[in-house]
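The numbering of the sequence shown is our numbering, which starts it at 1 and goes up by one.
Among the hints, a few may not be true.
[To be verified] Think about it this way: if two alpha-carbon atoms lie no more than 30 Å apart in a straight line, the pair counts; the simulated DSSO-like pairs of lysine-lysine are:
1. Lys172 x Lys341
2. Lys120 x Lys172
3. Lys120 x Lys309
4. Lys309 x Lys46
5. Lys172 x Lys46
[Unchecked claim] Okay, the calculated beta carbon distance ranges per label pair:
6. Gln203 x Ser270: 50 to 56 Å
7. Asp186 x Ser56: 36 to 42 Å
8. Gln203 x Ala142: 31 to 37 Å
Don't read these hints as lab results, they were simulated from the structure.
Glycine residues also receive a C-beta, built at the ideal position from the N, C-alpha and C atoms.
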Amino acid sequence: MSQLTVDVRSLDLTDPATFLSNDIHEFWRRARAEHPVYWHDPTDRKPGFWVVSRYSDVQSSYSNPALSSARGNVLDVVLRGDDSAGGSMLAVTDGPHHRRLRTVLHRAFTPRVLGEVVEKVRQRTTELLSTVAGLDSFDFAAEVADHIPMNTICDLLSIPAADRADLLRWNKMALSSDRADSTELDALGARNEILLYLMELTQDRRDDPGSDVISMLATAVVDDRPLTVAEIAVNCYSLILGGDETSRVSAIGAVLALIENPDQWHALRSGDVAVDSAVEEVLRWTTPPLHVARTAVQDLDIGGTAVRKGDIVTLWNVSANNDESAFPQPRRFLLSRSPNKHLSLGHGPHFCLGAFLGRAELRVLLGALVAGVARMELRGAPRPLYSNFIYGCDSLPVHFASH
Numbered sequence: 001m002s003q004l005t006v007d008v009r010s011l012d013l014t015d016p017a018t019f020l021s022n023d024i025h026e027f028w029r030r031a032r033a034e035h036p037v038y039w040h041d042p043t044d045r046k047p048g049f050w051v052v053s054r055y056s057d058v059q060s061s062y063s064n065p066a067l068s069s070a071r072g073n074v075l076d077v078v079l080r081g082d083d084s085a086g087g088s089m090l091a092v093t094d095g096p097h098h099r100r101l102r103t104v105l106h107r108a109f110t111p112r113v114l115g116e117v118v119e120k121v122r123q124r125t126t127e128l129l130s131t132v133a134g135l136d137s138f139d140f141a142a143e144v145a146d147h148i149p150m151n152t153i154c155d156l157l158s159i160p161a162a163d164r165a166d167l168l169r170w171n172k173m174a175l176s177s178d179r180a181d182s183t184e185l186d187a188l189g190a191r192n193e194i195l196l197y198l199m200e201l202t203q204d205r206r207d208d209p210g211s212d213v214i215s216m217l218a219t220a221v222v223d224d225r226p227l228t229v230a231e232i233a234v235n236c237y238s239l240i241l242g243g244d245e246t247s248r249v250s251a252i253g254a255v256l257a258l259i260e261n262p263d264q265w266h267a268l269r270s271g272d273v274a275v276d277s278a279v280e281e282v283l284r285w286t287t288p289p290l291h292v293a294r295t296a297v298q299d300l301d302i303g304g305t306a307v308r309k310g311d312i313v314t315l316w317n318v319s320a321n322n323d324e325s326a327f328p329q330p331r332r333f334l335l336s337r338s339p340n341k342h343l344s345l346g347h348g349p350h351f352c353l354g355a356f357l358g359r360a361e362l363r364v365l366l367g368a369l370v371a372g373v374a375r376m377e378l379r380g381a382p383r384p385l386y387s388n389f390i391y392g393c394d395s396l397p398v399h400f401a402s403h
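All chains, full assembly: derive it from the sequences and hints.
The following block contains the structure:
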């Protein structure tokens, strides 16, 4: 990565290469200090947008009703125009309909309902780690992390085992890539494959409902009417988006951080830090969703800057989670960090619906590492994702020495 010698406002945040060729934490440190709210000029026939980087501004913006997610909540999508799922998918819905839809979906994410799912996570994680422990070298991403979050969400949706590999492949392509030659058409095609699959599955469950989340949505009533097949499909897709890629990347990032910070690995193994505290620091440190996007539905002020109705606003979690005013020594990986009010799971009305499950997956992983692994070593260079939305690695060659 190159050091920044230019005005931070000159970097193109729509280009995934920007996040690979520059020190992004130095970039955001300078942005917070020099231009905490700035206008990103239009690029490649795409409109300009506001960039918000300070913790206080990002946190308050999450809860500001003047900023809407209905046009889209990811930069690449909102820059292309309105999100086709706006008003249907929970993540891109606002107001009373959002609250009622969230209430229905929340029934599937209570700790009581998720008890059996979390137990399956524990069994799967333990089995995967026992398979790789002692191998001279293996890819933690491919052999472990790829198999936990997607299977967990698929358990929740009762998706047949034979279909899960395709869903994982499509989901990776839809959000991020390890290839610089991937196109927007590739991502769009992958999203369409997932939606078509889920629509077909939804119709099957509507005809013959079971006890899974898809069946629950297929028989639910929101705003005095049943949800359409398309509405159910986009909300199940949203669960896959939130439950697979971000959890997978945070798990990979957790292992890399523990290897690079052996004092923290020792503190975890010795019980000097609580696993719950460690989970929160992993979430802050990795911050898989770099940003969220919003659209101003009325004039407002952000950090002393006037934002006009219709403007696109991007809230950069990766910067907020490393803001010195909220996190002393933010570039220190500290599992005992407290308080740790990171924004990796969002904030306000759109706080992550699957937060309990995502935390449970990390809790299980860290516990299984402590129980079954004595030493972890890198055996090659991690391969970064090619994305301006998901930050992390999709390949991590390692060696785990068993007890």
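Here's how the hints hold up against the structure:
The hinted pair formed by Lys172 and Lys341 meets the criterion: a straight-line CA distance of about 28 Å does not exceed 30 Å. Pair hint Lys120 plus Lys172 holds up; C-alpha atoms about 23 Å apart against a cutoff of 30 Å. Distance check on the hinted pair: Lys120 and Lys309 sit about 47 Å apart at the alpha-carbon level, beyond 30 Å; violated. Using a Cα cut-off of 30 Å, the hinted pair Lys309 and Lys46 holds, with the two alpha carbons roughly 18 Å apart.
A threshold of 30 Å between alpha carbons decides the hint, and for Lys172 with Lys46 the separation of about 24 Å falls inside it, so the pair holds. Under the hint 50 to 56 Å, the C-beta atoms of Gln203 and Ser270, about 53 Å apart, fit the expected range. The hinted range of 36 to 42 Å is satisfied by Asp186 and Ser56, whose Cβ atoms lie roughly 38 Å apart. Separated by about 33 Å at the C-beta atoms, Gln203 and Ala142 satisfy the suggested range of 31 to 37 Å.
When held up to the earlier numbered hints, the structure conflicts with hint 3 and nothing else.
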